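Peer 1: These are the residues of each chain, in order.
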Amino acid sequence: MKRNPFPLVVLALVLVFLYLPIVVLTANSFNLSRFGGSWEGFTLKWYGQLLNDNQVWFAFVNSLLIAAGATLASCVLGTTAALSLHRWRSRLQGIHYGLIYTPLVVPEILMGISLLLSFTAVGMDCGLHTILLAHITFCVSYVTMTVLARLQDFDDSLIEAARDLGANAWVSFIRVQFPLLLPGIISGGLLAFTLSIDDFVITFFVAGPGSSTLPLKVYSMIKHSPKLPVINCLSTVMLALTFALVLASRAFQNRRHPKAPNGRKHGAIA
Amino acid sequence: MSAPSVLWLAIFFVIPTLLVAAISFHAAAPDGGIGREWTLETWRHISNPNYPSIICRTLWISAATAACCVVLALPCAFAIARMQKKWRSIMAGLIMLPFWTSFVVRVFAWRLLLHPEGFLKHLLVSAGLAQPGTQLLYNSGAILLVSVYSFLPFAIMPIYAAAEKFDFSLLEAARDLGARSFLAFRRIFIPGIRRGVVSAILMVFIPSVGSYVIPDLVGGTSSELIGNKIYQRTFPDRNLPHASALSALMAIGVLVPLGLVAAFLRRLDRREALRLAEAGGIKQRGGAA
Numbered sequence: 256m257k258r259n260p261f262p263l264v265v266l267a268l269v270l271v272f273l274y275l276p277i278v279v280l281t282a283n284s285f286n287l288s289r290f291g292g293s294w295e296g297f298t299l300k301w302y303g304q305l306l307n308d309n310q311v312w313f314a315f316v317n318s319l320l321i322a323a324g325a326t327l328a329s330c331v332l333g334t335t336a337a338l339s340l341h342r343w344r345s346r347l348q349g350i351h352y353g354l355i356y357t358p359l360v361v362p363e364i365l366m367g368i369s370l371l372l373s374f375t376a377v378g379m380d381c382g383l384h385t386i387l388l389a390h391i392t393f394c395v396s397y398v399t400m401t402v403l404a405r406l407q408d409f410d411d412s413l414i415e416a417a418r419d420l421g422a423n424a425w426v427s428f429i430r431v432q433f434p435l436l437l438p439g440i441i442s443g444g445l446l447a448f449t450l451s452i453d454d455f456v457i458t459f460f461v462a463g464p465g466s467s468t469l470p471l472k473v474y475s476m477i478k479h480s481p482k483l484p485v486i487n488c489l490s491t492v493m494l495a496l497t498f499a500l501v502l503a504s505r506a507f508q509n510r511r512h513p514k515a516p517n518g519r520k521h522g523a524i525a
Numbered sequence: 006m007s008a009p010s011v012l013w014l015a016i017f018f019v020i021p022t023l024l025v026a027a028i029s030f031h032a033a034a035p036d037g038g039i040g041r042e043w044t045l046e047t048w049r050h051i052s053n054p055n056y057p058s059i060i061c062r063t064l065w066i067s068a069a070t071a072a073c074c075v076v077l078a079l080p081c082a083f084a085i086a087r088m089q090k091k092w093r094s095i096m097a098g099l100i101m102l103p104f105w106t107s108f109v110v111r112v113f114a115w116r117l118l119l120h121p122e123g124f125l126k127h128l129l130v131s132a133g134l135a136q137p138g139t140q141l142l143y144n145s146g147a148i149l150l151v152s153v154y155s156f157l158p159f160a161i162m163p164i165y166a167a168a169e170k171f172d173f174s175l176l177e178a179a180r181d182l183g184a185r186s187f188l189a190f191r192r193i194f195i196p197g198i199r200r201g202v203v204s205a206i207l208m209v210f211i212p213s214v215g216s217y218v219i220p221d222l223v224g225g226t227s228s229e230l231i232g233n234k235i236y237q238r239t240f241p242d243r244n245l246p247h248a249s250a251l252s253a254l255m256a257i258g259v260l261v262p263l264g265l266v267a268a269f270l271r272r273l274d275r276r277e278a279l280r281l282a283e284a285g286g287i288k289q290r291g292g293a294a
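Note that the protein sequences, when read in sequence, are chains P and Z. With our numbering applied, the first sequence covers 256 to 525. With our numbering applied, the second sequence covers 6 to 294.
These are computed hints drawn from the structure, not numbers from a lab. Please read these numbers as outputs of a predicted model, since none were measured by experiment. Even glycine gets a Cβ: it sits at the ideal position worked out from N, Cα and C. Where hints are given, some of them may not hold.
[Unchecked claim] Computed footprint of chain Z on chain P; a stretch qualifies when at least three of its residues, placed anywhere within it, have a C-beta under 8 Å from a C-beta of chain Z:
no.: 1; region: 258-268
no.: 2; region: 300-306
no.: 3; region: 351-358
no.: 4; region: 379-391
Construct the complete structure from the given sequences, taking the supplied hints into account.
Peer 2: Put into structure tokens, the structure is as follows:
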């Protein structure tokens, strides 16, 4: 039967729609023209100006520190959450799942303002520490979901085998389950890192005066700076960073459990 | 083992959310803090004639965004679901990739495209589709366009997830029985994946109700949304009770459709269970005979 080409045409147009702004933005960061209406020649001078902007470097270091902290903490919290959600199915775990799931659907601005009000209520000054606390909070859900997906194709009989062979609960976790889960945890961690580096709205609400991250810097440059092409460069750098992180995360997510090829090899030897 | 995450989310998610509701029943203190006594004053202010128009605009832009996204997502999900397995995962990755990039950067990219001296304007003018004086930025249309752009992956993914499980031989059967391909698409495919459609609507509607960056960067002063107002009350005005009341309103705007959809899906589940039970009954009876 002949297939109607219409859906494929729409898909192609949608892909153009999704990537056109990104391509134009990247191209314009190398364009001599200030507004990118037309191509006026290749240049790296905007990147030069970006490199000489101390505030950008300052914001970049802040972003890296916060993302690293948020990734570490949310990996620990997310992995324990996924393990307990996987092992127990009770009403309490139902509530737990709801707690993990809801932050994924709540608009960011609500999370931002509620955290800001809480920090104000307990008299905490806003700054890098409040940004870090907020980022851990929204990253936990993403790490949990990624690790949970990995756990779903985990063979629980491996743990039983380890226990039968005399390993206690802790040893069987460290030696058997954890190594097999590690790709999932790394994949979740990379996503957490990406989300933390790119987050704007929540950060915007809980950042005090003087503590800036890269997205906040881009935003304030859009609002106040006339140097449009330099913003292009910074945006292009951020896009490249994100693409690299997401591709790395996918590579880990798709990595197969090591047990399958090993098993086959042993079988072949036998 | 659930303790760390439950505790963390209770402190940094549940309590702050409840706090927002509580603060909306206080008045603003003159120093920018929160008054001590409980009052309904804030809520009375919220019902002044300024806000309903903003709330209406937020709701219609969000509904229009959801509608556009679903209309675009249906053929995309259909096309991806019919591909070979390898291509499906590549396509799903390509659709999701922009979502992971910084929101501010993507909205900025559109600001650049729509800029009076930007690429799109240039293109439209030279194609004779726009006057040199046409303003592409700073209006509701720009908000709608950029919202569709930003939230389209949220519509494609759930519809695609449902379409992947759809039995495409049903479509062939419908066409064998004489249905034109669009009719088969509308009467067989769409009802078959309605679960995905419903979650797609929700996944687009919720973030657009809460959007702040898009109306702030590509919207004008006459196209403010509720997100802009929350920001304005929080920072320039420093009226935290007002901001809380608006946030509570936004939460209601998000929770009501969420509840409706949950109820709809439960009914769907029950009806399917009933149908399965009936089918089982028929089989049993057939077996007995």
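Peer 1: The structure should be examined with respect to each hint, and the outcome stated for every one.
Peer 2: Here is what the structure says about each hint:
With 7 residues having a Cβ less than 8 Å from any Cβ of chain Z, the region 258-268 of chain P passes the three-residue criterion, so the hint holds. For the region 300-306 of chain P, the stated coverage by chain Z is not satisfied: 0 residues place a CB nearer than 8 Å to a CB of that chain, which falls below the threshold of 3. Coverage of a stretch by a chain is defined here by at least three residues with a beta carbon nearer than 8 Å to that chain's beta carbons; for the region 351-358 of chain P and chain Z the count is 5, and the condition holds. Under the rule that three or more residues need a Cβ within less than 8 Å of chain Z, the assignment of the region 379-391 of chain P holds, with 3 such residues.
The structure fails to meet hint 2 from the earlier list, while all remaining hints are met.
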